[in-house]
Amino acid sequence: MKSFVISLCTGAALALTGFAAVAQDTAAADGQAVETADDGPQTSDFRTFAPTQLEWERFRAAGEITHEGGEAVYNAVCAGCHMPEGGGAVGAGAYPALAENDLLADPSYPIYLVVAGQKAMPPFGNLLDDQQIADVVNYIRSHFGNAFIEEYGEATAAQVKETRP
Amino acid sequence: MTMTRRELLRTVGLTAGSAAMYRAMVTLGHAQESPYQGRVSLTGEPNGRRVLVLGAGLAGMTAALELRDAGYEVQVLEYREKAGGRCWTLRGGDSYTDLNGVTQTVGFESGYLNPGPWRIPYNHHAVLDYCKRLGVKLEPFIQKNHNAYLHRSDAFGGKPQRFRHIATDYRGHVAELLAKATNKGALDAEVTETDRRKLVESLGTFGVLNDENAYVESETTSEYRGYAQEPGGGQDAAGTPSAPLELGEILQSDLWRWLGDAESVHHQNTIFQPVGGMDMIAQAFARELGDIITFHAKVLSVLQDEDGVTVQYEHAQTGGEPVVVTADWCVCTIPFSILGQMEHNLSSDKSFAIDTMYYEGSVKFGLEFNRRFWEEDEQIFGGISYTDLPIALISYPSHDYLSGEKGVLLGGYVWGADAYQFNAMQPDEAIRWAVEYGARIHPQYPDEFSQGVCVSWHKVPWVLGCYGIWEDKERDYAAAVRMEDGERIVLAGEHLSYLPAWQEGAILSALDAIRQLHDHATTR
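Those protein sequences? They're chains A and B, same order as listed. According to our numbering, the first sequence is numbered sequentially starting from 46. According to our numbering, the second sequence is numbered sequentially starting from 13.
Bear in mind the hints are in silico, worked out from the structure with no lab data behind them. These numbers were taken from a predicted model, which means no experiment stands behind them. Incorrect hints may have been included.
What the hints assert, rightly or not - Quick list of the computed label-pair ranges, beta carbon to beta carbon: (1) LEU259/B / ASP90/A: 24 to 32 Å; (2) LEU189/B / THR111/A: 32 to 40 Å; (3) PRO210/A / LEU199/B: 40 to 48 Å; (4) LEU263/B / GLN87/A: 20 to 28 Å; (5) THR97/A / ALA198/B: 52 to 60 Å; (6) LYS196/B / THR97/A: 32 to 40 Å; (7) GLN87/A / LEU259/B: 25 to 33 Å; (8) PRO129/A / SER313/B: 25 to 33 Å; (9) SER276/B / GLU130/A: 38 to 46 Å.
Stated by the list, open to error - Within a straight-line C-alpha distance of at most 20 Å, the following computed SDA-like cross-link-like pairs (lysine to any residue) qualify: (10) LYS156/B / ASP273/B; (11) LYS164/A / ILE481/B; (12) LYS164/A / SER363/B; (13) LYS164/A / HIS356/B; (14) LYS164/A / ALA513/B.
No residue lacks a Cβ here, since even glycine has one placed at the ideal position from N, Cα and C.
Using the sequences provided together with the hints, build the complete structure.
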């Protein structure tokens with residue numbers, strides 16, 4: 046765990062004290078308009094901050110992960126344990142590093158792990174659809190020092206479907 | 013002469029004492045038989061007295077305390093700097109570093125967060141008995157609060173509804189419908205004529221119906237759902253009845269989904285909490301055990317042979333040369349999420365159970381506010397508001413009411429997809445969202461928020477999750493909990509119980525484990 050303290054430790058700074066309610070319109074904090082549907086939730090629902098587009102994508106449907114694309118799914122789910130840069134983490138037990146990990150070369154192994162889980166890792170087969178799993182598997186196979194797509198091919202939604210029990 | 017049951021019980025109680033009376037009551041069906049059989053009794057001379065207990069959570073400390081009292085030489089190895097495991101409280105002055113290396117320092121002036129277990133149901137006999145034995149003071153935990161809220165973003169324009177309005181009106185309307193259907197003969201095939209009359213009469217009482225079996229605005233129904241203007245004293249003091257909500261509005265709101273939450277046997281009254289935080293139990297155990305607990309011990313391997321057990325551990329922070337300890341027996345309460353990553357030589361059945369168990373994630377928020385606005389402005393004293401927002405619920409402290417001090421809310425208790433998303437955020441970002449969502453129920457949030465702490469169990473370094481989920485419990489459970497002939501290690505913990513994630517499950521598992529261990533040690 047020690048090695049992660051340096052880059053990520055925020056110390057005692059949970060500096061959230063005393064922020065005030067902000068007046069809302071559809072312009073986000075970064076000045077970019079947030080894309081919302083006419084019906085359903087609006088950015089004007091926000092009472093305490095104006096969401097960026099990335100923030101707007103969060104929690105879009107109860108009990109579901111609605112993110113599209115490998116990077117978005119990774120950051121919304123996987124990064125919690127495998128860490129934002131894929132470095133994994135070590136405590137009493139460990140979460141394996143995805144960075145520079147040869148086990149990710151062939152797509153079938155990471156597909157299986159994401160669908161079915163592995164030891165303490167929960168299965169995500171019921172939470173993510175075929176395309177989300179294919180996308181996130183390709184994302185980790187082509188980032189964090191991994192470059193397996195060219196040699197071993199892309200994971201496909203069809204492969205994920207076949208892997209499901 | 014035949015004795016009535018009560019006479020019989022009194023006689024038994026007088027002659028044989030209360031324990032015999034209790035057993036007699038169980039036989040007669042008056043008292044429920046608990047899986048907790050009272051204080052464990054381990055008699056006889058064991059073959060080998062040295063026991064290693066791995067993990068100083070409630071399972072490990074229960075095992076350690078009872079084995080020590082039975083004459084064993086016990087050493088407990090614990091990864092953390094303190095005892096308790098998931099029986100854990102964060103209060104002012106505490107800090108917590110997650111697997112991401114992010115340290116949160118808690119600055120709460122009063123109040124606390126129990127990141128793990130927070131409730132002790134009345135039927136958790138073992139936890140309650142240890143609280144009694146160890147002098148842990150208890151107070152009521154409010155689960156169901158009729159004045160707390162039910163909230164959905166798409167119901168009632170997003171305006172939170174008082175629990176008592178939804179509960180009373182739902183019950184009243186349903187009773188009215190059923191009474192009308194019964195009187196029209198719609199249920200004649202289901203009930204006899206004599207039962208039909210009693211059914212309608214009971215529905216009148218159940219639903220607070222008028223003489224025409226209608227659920228309507230009245231002083232009577234307002235006695236249940238509350239008045240528009242509460243009755244007072246002196247001049248102009250009469251109450252103004254309130255108008256019930258329409259049935260269709262309630263049905264379409266889906267708010268009825270939460271009405272039964274406090275009805276399950278683990279959530280019914282009475283529920284307790286330790287005064288000052290759940291870890292008062294852990295602290296009491298740790299005081300009792302004293303220096304037999306070795307902290308900062310990260311277990312690396314657990315090996316058994318016919319003569320005993322060999323465990324290697326290193327310092328959890330500084331590492332260094334592994335320490336080798338041996339013992340005759342071992343109670344291993346290490347979560348399977350951790351145990352599965354160590355070298356061990358447990359049987360193939362047990363290894364299979366260990367390797368196929370995954371750990372559920374969940375997230376809790378402790379949010380401190382400068383003012384107890386939920387009490388002062390909204391008359392909510394303890395209990396839970398439910399919402400379809402990702403925070404799932406807000407629970408109000410069941411202690412220090414109207415103290416005039418700051419207060420800490422449980423600002424969210426999250427499972428599933430939303431828990432994964434919170435887990436993937438840093439704590440300060442997650443807290444920002446918890447405040448945002450809470451503000452949609454309590455508009456006082458932005459002005460009164462002081463500070464927060466967030467615990468996501470998948471990032472807790474010593475368990476990597478909240479509780480264990482079996483791949484196939486029916487198939488694998490028996491082999492995992494049974495200590496076979498020749499084995500020197502017995503497994504225990506909440507994951508090895510039919511009360512998963514409850515402290516009661518952890519303690520009952522530990523008591524069964526040490527009975528087996530003692531049986532092996534004395535007879536085989």
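To see whether the hints hold, each was checked on the structure:
1. LEU259/B / ASP90/A: 24 to 32 Å: At 28 Å between Cβs, range holds.
2. LEU189/B / THR111/A: 32 to 40 Å: 38 Å, holds
3. PRO210/A / LEU199/B: 40 to 48 Å: 45 Å, holds
4. LEU263/B / GLN87/A: 20 to 28 Å: 26 Å, holds
5. THR97/A / ALA198/B: 52 to 60 Å: Roughly 56 Å apart at Cβ, these two residues keep to the hinted range, so it holds.
6. LYS196/B / THR97/A: 32 to 40 Å: 58 Å, violated
7. GLN87/A / LEU259/B: 25 to 33 Å: With Cβ atoms ~30 Å apart, the hint holds.
8. PRO129/A / SER313/B: 25 to 33 Å: 32 Å, holds
9. SER276/B / GLU130/A: 38 to 46 Å: For GLU130/A against SER276/B, whose Cβ atoms are near 43 Å apart, the range 38 to 46 Å holds.
10. LYS156/B / ASP273/B: The given pair, whose Cα atoms are some 8 Å apart, holds under the 20 Å limit.
11. LYS164/A / ILE481/B: 11 Å, holds
12. LYS164/A / SER363/B: With a Cα-Cα distance of about 11 Å, the restraint between LYS164/A and SER363/B holds, given a limit of 20 Å.
13. LYS164/A / HIS356/B: 15 Å, holds
14. LYS164/A / ALA513/B: 18 Å, holds
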